[in-house]
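In order, the protein sequences belong to chains L and C. Going by the UniProt record's numbering, the first sequence opens with residue 1, and the numbers climb by one from there. Going by the UniProt record's numbering, the second sequence opens with residue 1, and the numbers climb by one from there.
Keep in mind that the hints are not guaranteed to be accurate.
Stated by the list, open to error - Restricting the straight-line Cα-Cα distance to at most 35 Å, the calculated cross-link-like pairs of lysine-lysine (DSBU-like) are: (1) 36(C) with 195(L); (2) 195(L) with 20(C); (3) 109(C) with 203(L); (4) 204(L) with 20(C); (5) 73(L) with 16(C); (6) 106(C) with 204(L); (7) 404(L) with 72(C); (8) 94(C) with 195(L); (9) 94(C) with 203(L); (10) 109(C) with 57(L); (11) 400(L) with 109(C); (12) 45(L) with 72(C); (13) 115(L) with 72(C); (14) 63(C) with 45(L); (15) 203(L) with 20(C); (16) 400(L) with 20(C); (17) 204(L) with 16(C); (18) 204(L) with 94(C); (19) 195(L) with 109(C); (20) 20(C) with 411(L); (21) 170(L) with 72(C); (22) 195(L) with 16(C); (23) 45(L) with 157(C); (24) 109(C) with 179(L).
To be verified - Facing chain C, a subset of chain L residues (Cβ under 10 Å, in silico): (25) 74; (26) 166; (27) 191; (28) 230; (29) 408; (30) 411; (31) 412.
Unchecked claim - So these bits of chain C aren't anywhere near chain L, every CB distance computed over 12 Å: (32) 29; (33) 33; (34) 63; (35) 64; (36) 68; (37) 130; (38) 158; (39) 160; (40) 184.
Honestly, the hints are just simulated from the structure, not real lab data. Glycine is no exception: its CB is placed at the ideal position from the N, C-alpha and C atoms.
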Amino acid sequence: MSQANNGVQIEDLAPEHFHDQAKAALADPQLRQNFRGAMDYLTDKRKIAFSDPTEEKRIRDLSAAIRQRSLSKLPDLLEQLETNCTNNGIQVHWAETTEQANSIIAGIAGQHNAKNIIKGKSMVSEEIELNHEMEKLGIECLESDMGEYIVQLDGDKPSHIIMPAIHKNKQEVSDTFEKHLDDFTPTVDVDELIKTGRTRLRKKFHDADIGLSGVNFAVAETGTLCLVENEGNGRMCTTVPNVHIAITGIEKVVEFLSDVPPLYSALTRSATGQAITTYFNMISSPRRAGELDGPEEVHLVLLDNGRTQAFADEEMRQTLQCIRCGACMNHCPVYTRIGGHAYGTTYPGPIGQIISPHMMGLDNTKDLVTASSLCGACGEVCPVNIPIPEMLQRLRQEAKNSPKNNRPAIKGQAAAASRIELLAMKGFAFAASHPSLYHLGSWSATKMRSLMPSKIGPWTQCRTAPKPAGKTLHQLIKARKQGQKS
Amino acid sequence: MSSARNAILSRLRDAKPEAKAMETIIYQPWVSEDEKVITERFIAGLSASHAEVISTSHKALSKLIEEVAVGKQLEHIALGTSGEFHEHIIQATKSLKTVFFDNDIKDWKSSLFNNVDAGITHCRAGIADTGTLVLWPDVSEPRTLSLVPPCHIALIKRSTIVSNFAELMEMQAWQNNMPTNIVLVSGPSKTADIQQTLAYGAHGPSQLVVILIEDM
Ligand code: SF4
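Okay, chain C solo, but in the shape it has when bound (with noise of 0.2 Å):
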């Protein structure tokens, strides 16, 4: 329906806006140098939203993961099939029911939807400003995986959270290349429609299990 495009594009110009230059109002959103602030209050966010915050060594990932598995019941978990930690999660989920994510979804969208129990996943970054996770899902952890399962455990590396939401997109420059879709997530899944009473769980993840790496 071009001529409606062309239409509405006349009707604008016709208006003869004046293009406004960038506006030189100055705001700083919430920052700190101090990388022990910047942690604390990155987990206060979290915890919060009611997620469930753990940090760990590199070295206690695994048995970590697996308690967290044992701990929640969790029986049947789907993994990615890459990233840094791979191995660790596949270390810890041994003993464990387990999924590969590594179909087309169609091949088994209601195994995915009814008999999976939690999707272990990988964060890009955190923001400290908001107690946000940031994910890129892709090929190896598709963006399902931390959607579906009614459990979500992420992995986060402590060095890198930043301070907020517009330094982290400046410092890796996003607007160069922005991947299908990028997620900020904070807290479980969560509604207040019904008389302003807050419940988790609405239709994503119940649970929201955040693993901190301290990696500095």
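Isolated chain L, as found in the complex (with noise of 0.2 Å):
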């Protein structure tokens, strides 16, 4: 069994327990090291990588012009996906919830007894726990990214959606081998500790029944799925074992084969500051005849888990622009400081509190929406302009009151309303418009200032409490209006 941090389980984590998560992460002075070197580090490349402003600026209004335009056209253009991938040679499936996702892929495996699933990068597998669903079924699902592999090793969970062991140094990842690993050398030579996952994958690529990945981009116009990586796991993954599944939220559709190469800049860009990664993948079918390799089977899973819901408000949409990039949390003061476990949701940060409300419910992330300092840093950063700042202020509302305006509901919508607050606004927005009942108020107020606690729960955690002043308002502009007369 592993921990997070400080004590806290690595399976119990959850959003619904943000609290103490954050408060065990803030106790761990290695961790917060270890998060802040990591985010300097990439804050400092990502500038770099955007050294000029008005490029910046146009790179990231055309990529989120693109992610608006093929929202827009979104059931359409999954449609033609589905299409041409079918005239491909690929074969498409569609989840609503993560149960049928993990139920389409345990039947695929099913049909080729497959015992052995080697994995890509994915976080919509992470999304739909599919690791721990397939070995209930008796099915191996190995991390091949290093990053993933790492932190699969120590049973443990991803906390940053592009480097997963980010919260490790070189000298937990080689007290992570040395523990799991037989014939393990301890070290803090990263080369060696590359070449420890390297040699050890290699005969899972080798031996794998299925490959499985998530997808960059799907491309509508030609039925492309694009995969972005350094390590060349991915391209393992995608044709060495004979089926390659690729999974894949329902928005990441882009129209156009053209609308590829700038989103890939901005993303390259803002997640890491590299001006290209080493592997730009694109799949368009699984082997064509005469073909000597790759998978003879390509499978696209489409999920929806939520996103339909967060399409339905033309706000609400824009969470679904998301490139994936990191690029807000690695800016975000709050993320910076308790590291992505504490979130307990798949995708943590900025971009997990907008989109995790609407995978899990408000109900279970109503404390999320409001760990932001509302700096605005995340919106700032993001290559497809998503105003993260203002959707977490709607989500905060969402989170407190009944939809309005005839907003579609959102799933726990209202959860975080308390009958209190609620009764106590009710109460003053009565009294403030009943003069004589306010007056008594504000007039028993003044008298029994010396009764007020100095102590009222989390509010006085770090300020001092409030004091009803000496005299009301009303007393104080009487007594001088009187000053001036006499």
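Build the complex from these two chains, which are given one at a time in their own frames, with help from the hints.
The structure is reproduced here in structure tokens:
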């Protein structure tokens, strides 16, 4: 059993326990140091990659426009993608829920009597807890991205969407290997550590029955799946095993092939400050006649899991523009201090705060939407211009109130509404519109000011309790007027 | 599960999204008309990503490939079965142990994984902006030839290098005829997953040697 930090068990991480998880993270100096170092590194790299502000603005505006245009035609583009993929020989599956997605994948595995799945990086597979679900069926799912592999060995979870093992330093990686791998000699030499991972995983690529990957962009025009990576494990997973399953959220569709280059450039520069990644893999079909390698079957699983809910409302729809670069978390002062595990969700940080309520409901995530200083850094760096701070404010309202102006309801709507708060506000509104009652209230508040407690719950944890003034505003103005007269 | 499909699509349609037209935002990625500038940027980008770039003439190609193979002590080399410079490659590797990728991978997977030191392939094009090779694996040069062996030797003609990715796609009208797989390669395989420290040879080739053929 593995621990996230200070005794919080990994499998118990949940957004409902955000406050405790954040507290535990803050109390772990090693963890804070690991995150601080990593985030400083990534923010610096991004700054260099976007050194010309005019160019930066243009590519972000263009990327945002491409994503908005694609979303504005989403149902049609999904159908077009399905048609083109099918014509290319890719089998398309649809899943409304995580359970459906898992059963589709289990079904494909069953058809091939598959026992081993080797995985490239895929946040959607984390979202559906694929590894866990397949394990129940006796199918091993092995992560092959180095970061994911380290995290999986430890029974841990990724804490960042681009750099899953960012919360560990090299000493901790060495400890992990020592604990789980035979014949490993502890070392903090990163080349040696990577070599260890490479050697172990190569055998797995060779033997795996199925390769599974995510999708960065799915092109409707051509039925092409695009994958962005540096390591080559994504190419291995999608080429060596006889079956390739790609899984993606329904929002990842783009309309044209020509939409891809600017989005790709915006993605790599925002994510790790690279001008380009080592590999960009475009897959349009299974192995064709005469070809000597590549999978004989390619499947595409399209997952909803709350995305149609986000789509239902025009403002919330912007959440789906996201290209999962991670820049918002790298720049978030809250994420930088508490790290990804504290959120207890698949997607941490600012993007997680706005997408998770649609996946898990506001009842489970109501604390997350409050975990922001609204400093605006996330919105400022987002390569597709998602106004994250505004959306957080909107979600805070939705967590407190019932839907307004015929807006569609969000799962868990008004979960954070407090009866006391509501009654107090109603009472105040009544008093404020009835002068005699209002005067009685303010008069008694000034008279009883010494009875005000000095501690009022969490509010006074880092603030002094307010004390009513000795005289009401009305009394002061009256006195002043009298003074002027005399 | 077509009920899931219909439910998802009808929920999306219920939201009545208003289709947006093509945007008019002007974005120009890096571009140059000057062949020399283009080549320099291409080489600089690849070199910065840890690839070795060596220029050669048509004539000296065979000899160069041989020198690279001998210099790097590449003992077992996998080759494709055709391509513009196929004869040069054969000539270059005459004195070395070679194997042609002319069989289904399942017939020699273990050998490819365990015995082959290098794979040699042609490139379809190059992208100067980012220092990128464009591979179109096919029947004669399968996908794993440039992936599984620890060293990848890539041959590219200078005349095929263009300024940027968008331009290349448009010029060659990729949208009309996508092959099974296209891969853009910008350096040897790498990772920074452990404490943001860059390490090469994560899963793909740890060495990328680019042989630039001066054909203009
Ligand atoms: S919300 Fe924007 S910044 Fe955050 S991951 Fe998505 S695209 Fe990147």
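Hint-by-hint comparison with the structure:
1. 36(C) with 195(L): violated (38 Å)
2. 195(L) with 20(C): violated (49 Å)
3. 109(C) with 203(L): holds (11 Å)
4. 204(L) with 20(C): violated (46 Å)
5. 73(L) with 16(C): Roughly 10 Å separates the two Cα atoms, so the pair holds.
6. 106(C) with 204(L): holds (15 Å)
7. 404(L) with 72(C): Violated - the C-alpha atoms of residue 72(C) and residue 404(L) are around 69 Å apart, more than 35 Å.
8. 94(C) with 195(L): holds (32 Å)
9. 94(C) with 203(L): holds (31 Å)
10. 109(C) with 57(L): Since the Cα atoms of residue 109(C) and residue 57(L) sit roughly 48 Å apart, the hinted pair is violated (cutoff 35 Å).
11. 400(L) with 109(C): violated (59 Å)
12. 45(L) with 72(C): holds (33 Å)
13. 115(L) with 72(C): violated (39 Å)
14. 63(C) with 45(L): violated (41 Å)
15. 203(L) with 20(C): violated (48 Å)
16. 400(L) with 20(C): The hint holds at about 33 Å.
17. 204(L) with 16(C): Violated, at about 46 Å.
18. 204(L) with 94(C): Given that 35 Å is the threshold and the Cα spacing comes to 33 Å, the pair holds.
19. 195(L) with 109(C): Roughly 21 Å between the alpha carbons, so the hint for residue 195(L) and residue 109(C) holds.
20. 20(C) with 411(L): holds (28 Å)
21. 170(L) with 72(C): holds (30 Å)
22. 195(L) with 16(C): violated (52 Å)
23. 45(L) with 157(C): Roughly 32 Å between the alpha carbons, so the hint for residue 45(L) and residue 157(C) holds.
24. 109(C) with 179(L): Distance of about 31 Å is within 35 Å: holds.
25. 74: Hint on residue 74(L): holds, closest Cβ of chain C at ~5 Å, below 10 Å.
26. 166: Hint on residue 166(L): holds, closest Cβ of chain C at ~8 Å, below 10 Å.
27. 191: holds (5 Å)
28. 230: Residue 230(L) check passes; min Cβ-Cβ to chain C is 5 Å, inside 10 Å.
29. 408: holds (8 Å)
30. 411: violated (13 Å)
31. 412: violated (18 Å)
32. 29: Residue 29(C) not clear of chain L: closest Cβ-Cβ about 7 Å, inside 12 Å.
33. 33: Per Cβ check, residue 33(C) is outside 12 Å of chain L; nearest 19 Å; holds.
34. 63: holds (29 Å)
35. 64: Consistent with the label, residue 64(C) stays out of reach of chain L, its closest Cβ about 24 Å off (over 12 Å).
36. 68: holds (21 Å)
37. 130: Given that some Cβ of chain L is not farther than 12 Å from that of residue 130(C), nearest at about 4 Å, it is violated.
38. 158: The assertion about residue 158(C) holds, with a minimum of 20 Å to chain L.
39. 160: holds (17 Å)
40. 184: Violated: least Cβ distance 4 Å, not greater than 12 Å.
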